[in-house]
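Use these hints to put chain G onto chain Y, whose structure you have.
Protein chains in written order, with our numbering: chain Y, 78 to 194; chain G, 60 to 169.
To be clear, the hints were calculated from the coordinates, so they are not data collected in a lab.
The C-beta atom is built at its ideal place from N, Cα and C for all residues, glycine as well.
Hints should not be assumed to be uniformly reliable.
Unchecked claim - Residues from chain G shown here face chain Y by an in silico Cβ test under 10 Å; the list is partial: (1) P67; (2) L70; (3) V72; (4) Y95; (5) R100; (6) P103; (7) L147; (8) A149; (9) N155; (10) L157; (11) G160.
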Amino acid sequence: DTGVSQDPRHKITKRGQNVTFRCDPISEHNRLYWYRQTLGQGPEFLTYFQNEAQLEKSRLLSDRFSAERPKGSFSTLEIQRTEQGDSAMYLCASSSDPGRRGNTEAFFGQGTRLTVV
Amino acid sequence: QKEVEQDPGPLSVPEGAIVSLNCTYSNSAFQYFMWYRQYSRKGPELLMYTYSSGNKEDGRFTAQVDKSSKYISLFIRDSQPSDSATYLCAMKAGANNLFFGTGTRLTVIP
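Next comes chain Y alone, as it looks inside the complex (with noise of 0.2 Å):
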């Protein structure tokens, strides 16, 4: 399969632990975004780094959010202290480089779906 992986599909963890995820994009994809998304909503922007620069970060990423991407290729992200309002499903994705098209398309992985009790 060489679209975008995520790991673990689902992850259920009690108030206060700390949570890690992984997404491993397509191979010759340089940029990797993170969003979140609840139910019944369209996902929402977190983050986006080009290759293992992160040039962008949404006012949603409170300091309990960190994403790392160390080596230009699979990143994680992780969530300390979980609280319940953080249950939702967290979706990567990934493009190329836009270049002088100045947009491609970002292709999603399956989502990690986060339940915080």
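Below, chain G without anything else, positioned relative to chain Y:
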């Protein structure tokens, strides 16, 4: 006011019907417009992508963008039960993050 507004539905149609899905937006800087399909508990799947105003057709799907009205549409002809899903409109100003609508849940009844 949200940047992208989309009627969440739900929308139920009989098999074979023409489906019309719509979004409005407020940011005139948006230039790239997309429609994603999302099945339950799955990630969004890109269906259609349009740059600026105009129409684009792909099989049974037609996407329309009217930038003067800040209004985009997706039409599905000869709808099938397998089209039952949530349809998300998405748009962006440049090469960065997408702004999504809430999604419209569609059911096509056999």
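Going through the hints against the structure:
1. P67: 7 Å, holds
2. L70: Status violated, d = 14 Å.
3. V72: Interface hint status for V72 of chain G: violated (20 Å vs cutoff 10 Å).
4. Y95: Holds - the Cβ of Y95 of chain G comes within 10 Å of chain Y, reaching about 8 Å at its closest.
5. R100: 7 Å, holds
6. P103: 5 Å, holds
7. L147: 5 Å, holds
8. A149: At about 7 Å, which falls below the 10 Å cut-off, the nearest Cβ of chain Y leaves the hint on A149 of chain G intact, so it holds.
9. N155: 6 Å, holds
10. L157: This interface hint holds because 6 Å falls under the 10 Å limit.
11. G160: 5 Å, holds
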